[in-house]
Structure formats: C-alpha cells, structure tokens
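Let the sequences and hints guide you as you build the complete structure.
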Amino acid sequence: MTLAAIDHKLTAKQEEIVNYDGDELLVKGIAGSGKTTVLLKKARKMIQKNPSIRIGLFTYNRTLSEYAKKIAEQIGPQNLFVYTFHGWAYGTLRDVTKQSRLMVTSSRDQRDFLKNAVETVRKESKHRFVTEEKFKEFLGDEISWIKGKGIKNLSDYQNVSRSGRGSSVRVIKTDRKIIYRIFEEYEREKRNSRKMDYDDFALTLLENKVKIKETFKFDQVMIDEGQDLQQVQLMLLRFIAKEGFVVAADKGQKIYKTSFSWRDIGINILGGRTKILQNSFRSTKQIIQMAHSLQMHDSIIKDEEYVAPILPDFTGPVPDVFQCDTKEKQDTAIVSTIQKWLKENPDKTIGILSREWKSINRLYYAFQAQRIPHEFIKKDQGNAHTAGVKLTTFHSAKGLEFDYVMILDINDDIGDEELQDEEYMEVERRLLYVSITRAKTYLQLYYFEQPSSFLKEIDSKFYQKHEL
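Counting from 1, one number per residue, gives the positions in the sequence shown under UniProt numbering.
What the hints contain is simulated information worked out from the structure, not anything from laboratory work.
Every residue gets a Cβ at the ideal spot worked out from N, C-alpha and C, and that includes glycine.
Keep in mind that the hints are not guaranteed to be accurate.
Stated by the list, open to error - Mimicking PhoX-like on lysine-lysine, the simulated pairs with C-alpha atoms at most 20 Å apart in a straight line are:
#1 9 - 275
#2 190 - 115
#3 126 - 136
#4 358 - 348
#5 152 - 134
#6 136 - 177
#7 152 - 70
#8 69 - 378
#9 173 - 195
#10 98 - 211
#11 13 - 45
#12 98 - 217
#13 70 - 379
#14 379 - 69
#15 209 - 98
#16 126 - 173
#17 242 - 45
#18 242 - 49
#19 461 - 285
#20 136 - 49
#21 285 - 302
#22 217 - 115
#23 115 - 98
#24 217 - 152
#25 69 - 45
#26 285 - 465
#27 98 - 177
#28 378 - 70
#29 177 - 195
#30 329 - 465
#31 190 - 152
#32 134 - 115
#33 123 - 177
#34 329 - 358
#35 217 - 242
Said to hold, decoys possible - Computed Cβ-Cβ distance ranges for the label pairs, DEER-style:
#36 328 - 386: 50 to 56 Å
#37 104 - 388: 18 to 24 Å
#38 90 - 210: 16 to 22 Å
#39 403 - 177: 29 to 35 Å
#40 422 - 215: 42 to 48 Å
Quick look at the structure:
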C-alpha cells in the first residue's frame, strides 16, 4: 500500500475540504466520492503544517481501518492514529475504570438478559411487548437505541423525539413506560453479571469524561462513515477533539439503527461548514445508474441529509444479472468466470460479496477444490487492495472497492413478517446498494430459483439478464 492510493488530482470541491481550516466540518458525499481519500489528504496537510499535531481518524469497520492504517504509517506514524470507535473506547475505558480487562456481553448474554427482563415485566403487565414473541428483536434494538441516544431516565425517554428511529413497530407514549421497565430489568440483569454492552462504552466514558487523559485525546478528530455511529459516540468523539472535528457521512449508506441531528451532537454545520461531494470517482456510469435505480425505493431520498449522485462521465459494461436454476449452477458459473478473469486480468482486484458468511464459506470450499487463489477480507484479515480474489460480506466490504464485483445469493428468502418490517427492508436494500457501489468497472449479480424483491426494484434497462 503506497501513497499513490491517495495522490491523484483532487476536484475543486475536494480541495475545498482539504484546505478548510475551520474548527468543525461536515462532509456529505455519495459512495465513491472520495471521502476517505480527502480525509487522509487533509490529515497529511495538517501534519506538514504542524509536525507535532496528533490526529485521530475513526473508521467504520476494521477492514477500512486496516487500509487507513497502512496509509497513515506513510503519512505520519507519530501523528495520525487510526481506530474503530470500539477499539479506541476499549483502551480508554480500561484506563478510566482502572480495569485490566473489560467483561463484554456476548449476543447470547444479551438475548438471555432480555428474555429474563421480559419475563419479569410480564408479571406486572399483559402489554403486547411482553406477551408476544415477535417484539423480541424490536426490544433489543430499542435498548441499543436508548443507550445510543444517551437516555438516562423514564422522563427523558417519554419525551425524546423518535424521528429517524425507523422502526415499523408503532410506539405511542403509553408504550414507552413498559419499554423502559424492560430496559431497567435488562440493565439489572447485566449489572448482576458484572458485564457491559459495547453500547455502554460511549455513555460510560461521557459520564466519566473528566477522567479521560490527554493521551486519549487528539488535536483533530476525523470520522469516516459517521452516519452509522450513535449519537453518544459522536458526542464523545467531539469532546476528545481539542481543536478540530471533521465528519464524513452518507445517509444513503446508513445500515445501522441510529438517529440524531448534527445539532444533537453539538456541532455547527451552518455557514459553509458543510461540503457536498456528489460525484463518484469509483464506479462507471452504468454501475451508478443501477445503484441509484435501487436507491430510489429508499425513503432516505426524502431526507434533507440525502445527497443525490451526479452520473460520472466514464462508462463501462452494463452490469449482468444471472438467473440460475440451482445453487450448484450458480456456484459453477462463478468458479468458471473467476478462472477466466484471473487468466485474462491477473492484476485486477475481484470482490466476491454476499449478505452472509455461510454463502462466502460455501464458495471458499469450491475455490479450494479448484485451487483458485483467494483471501478473506474480515476484521484485520486480508488486504483488499492487492490483486486477486477477495471473499467478504456486505458489511465488511463497506468503504472498500474492487475492479470487478460478484454479488451472489440474491434470492427471495425474506419471510412475510420481514416484508412487513419497513426498517428491516430499508437496511437490507441499503446493504445491497453499498455492495453494488463497491464495483469500479464491472458488476455481476447472481441468484438461484427466485430473485430478491430488491432486484425487482431495479429498472431492467440498467442491466443485462442471463439464464443459466
């Protein structure tokens, strides 16, 4: 990984961001608009101007963090420090609490605590939230949302705006008392276990912010993919920024259930403090057209934070959609195509993406059998920026890019209940949008048996369909 990755010529808009010297800045940009590159170049300029500056760059996930770290090592290893939020918060919290190791809840712990909390509250009330099993997932998400908003008592919860919460479950004022009782019991169960949720990290640090040492703070804080952080996480990062605070975000790629306004965070984005990047420099016109056709079905396009794309001038092949009779036919076609691509274009990056790891693992065994070289991209494993075949999921691919992309198993496997869950459908649609926009020059999508409802939302004039 060399500095060439960020050393291409910037547009006038991108230059504006790099040269902006105010204390707060919001960068709103579509997928592929160069948000990460601009942040890294801005950091390099700051280091050149002030060789003693300390900059904290916070990325959405570990795969993007590893990429940024490699660049940071060349820009200024003593100046630019790259973290995920929880990676930084874990070390900071250990120092603040004077604990050598933090006991963090597992997904199973959380399910058990919620189950016990619901059973306790059921003895007090026959409300639908404690008598009907279908609300379990909603309640788990609501507990996370309550913590993410920094809500500390029933009064605050009863009065907080739910704008942007994005749930299909209707919650009226009288429901909130029951939900908060479940939350209180969940917290009691968790305290008894002497564990904490990842969602507790930011709130605990905010409550103890006077104990955060200078070594855990930065002169400048930069955040990539800010739309997926919680309100309290952003508030905490604003607190540890001693001089400047820059957030890059794209509401169109929001895949987590967070809700906040920039005013909630305590930053001023008015008067030239917001810069907008509408041009994609990653994907061809054809790929952006397909992605935008899907995105037009997302309610996010009505949000004031939404940034509409400007179609790029550079063109390429129309994306291909392959309808396969069986899973076996799909996988055979993918293996055959990969072998062809590797022979003809060994210098290209090839991303193979799916919603779940079980689909990726299935391809892994097929590649092993055919001795196709490949690597996984997950957490701190693999390098997405070297040539060859990369296996990863929609979530792990966020912030990354590949010359060629294959998306597999885009099947109709959503149940009736999920179809009725507007929030679930919005997130799943955005995940597919994110995956489509990972492709730079060529894109293939595969399904077997029946296609996903999201494929049906894409205007057929933006792809070529094939039957296998």
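Here is how each hint holds up against the structure:
Of the supplied pair hints, the one linking residue 9 and residue 275 holds, its CA atoms being roughly 18 Å apart against a limit of 20 Å. The suggested pairing of residue 190 with residue 115 holds, with an alpha-carbon distance near 12 Å, which does not exceed 20 Å. Taking the CA atoms of residue 126 and residue 136, the gap is about 15 Å. The hint holds against a cut of 20 Å. For the suggested pair residue 358 and residue 348, the alpha carbons sit about 25 Å apart, so the restraint of at most 20 Å is broken.
A distance of roughly 26 Å separates the Cα atoms of residue 152 and residue 134; the hinted pair therefore is violated under the 20 Å criterion. This hinted pair checks out: residue 136 and residue 177 have alpha carbons roughly 17 Å apart, not beyond 20 Å. Our distance criterion of 20 Å between C-alpha atoms is broken by residue 152 and residue 70, whose separation comes to about 40 Å. Between residue 69 and residue 378 the alpha-carbon distance is near 15 Å, which keeps this suggested pair within the 20 Å criterion.
Taking the CA atoms of residue 173 and residue 195, the gap is about 31 Å. The hint is violated against a cut of 20 Å. Restraint check: the Cα-Cα separation between residue 98 and residue 211 comes to about 11 Å, which is no more than 20 Å; the hinted pair holds. As the CA atoms of residue 13 and residue 45 are separated by approximately 16 Å, the hinted pair is consistent with the 20 Å bound. At most 20 Å may separate the alpha-carbon atoms for a hinted pair to count; residue 98 and residue 217 meet this at roughly 18 Å.
At most 20 Å may separate the alpha-carbon atoms for a hinted pair to count; residue 70 and residue 379 meet this at roughly 15 Å. For the given pair, residue 379 sits about 13 Å from residue 69 by alpha-carbon distance, which is consistent with the 20 Å threshold. Pair hint residue 209 plus residue 98 holds up; C-alpha atoms about 14 Å apart against a cutoff of 20 Å. Under the criterion of a C-alpha separation no larger than 20 Å, the hint pairing residue 126 with residue 173 is consistent with the structure, at around 17 Å.
As the CA atoms of residue 242 and residue 45 are separated by approximately 18 Å, the hinted pair is consistent with the 20 Å bound. At roughly 17 Å between alpha-carbon atoms, residue 242 and residue 49 fall within 20 Å of each other, so this suggested pair holds. Straight-line distance between C-alpha atoms of residue 461 and residue 285 comes to about 13 Å, which keeps the hinted pair within the 20 Å bound. For the proposed pair residue 136 and residue 49, the alpha carbon gap of about 53 Å is over 20 Å, so the pair is violated.
Distance restraint check for residue 285 and residue 302: the Cα-Cα separation of roughly 23 Å exceeds the 20 Å cut-off, and the hinted pair is therefore not satisfied. Restraint check: the Cα-Cα separation between residue 217 and residue 115 comes to about 38 Å, which exceeds 20 Å; the hinted pair is violated. Note on residue 115 and residue 98: the hinted pairing is violated, with a Cα-Cα distance of about 31 Å set against a maximum of 20 Å. The straight-line distance between the Cα atoms of residue 217 and residue 152 is roughly 25 Å, outside the 20 Å bound, and the hint therefore fails.
At most 20 Å may separate the alpha-carbon atoms for a hinted pair to count; residue 69 and residue 45 meet this at roughly 17 Å. Under the criterion of a C-alpha separation no larger than 20 Å, the hint pairing residue 285 with residue 465 is consistent with the structure, at around 18 Å. Taken as a hint, the residue 98 and residue 177 pair is broken in the structure, with Cα atoms around 35 Å apart against an allowance of 20 Å. A C-alpha spacing of about 16 Å is found between residue 378 and residue 70, which places the hinted pair at or below 20 Å, so the restraint holds.
This hinted pair does not check out: residue 177 and residue 195 have alpha carbons roughly 25 Å apart, beyond 20 Å. Only pairs whose Cα atoms come within 20 Å are accepted, and residue 329 paired with residue 465 is accepted, the gap being roughly 16 Å. Our distance criterion of 20 Å between C-alpha atoms is met by residue 190 and residue 152, whose separation comes to about 16 Å. Between residue 134 and residue 115 the CA atoms are separated by roughly 12 Å; this keeps the pair inside 20 Å, and the hint holds.
Between the alpha carbons of residue 123 and residue 177 the distance comes to roughly 15 Å, so the proposed pair stays at or under 20 Å and holds. Note on residue 329 and residue 358: the hinted pairing holds, with a Cα-Cα distance of about 17 Å set against a maximum of 20 Å. Between the alpha carbons of residue 217 and residue 242 the distance comes to roughly 7 Å, so the proposed pair stays at or under 20 Å and holds. At about 30 Å, the beta-carbon gap between residue 328 and residue 386 misses the expected band of 50 to 56 Å.
In this structure the supplied range 18 to 24 Å is violated for residue 104 paired with residue 388, their Cβ-Cβ distance being about 34 Å. Taken as a hint, the range 16 to 22 Å holds for the pair residue 90 and residue 210, whose Cβ atoms sit roughly 20 Å apart. Our hint of 29 to 35 Å for residue 403 and residue 177 is violated, since their Cβ atoms are close to 54 Å apart. The beta-carbon spacing between residue 422 and residue 215, approximately 45 Å, falls within the hinted interval of 42 to 48 Å.
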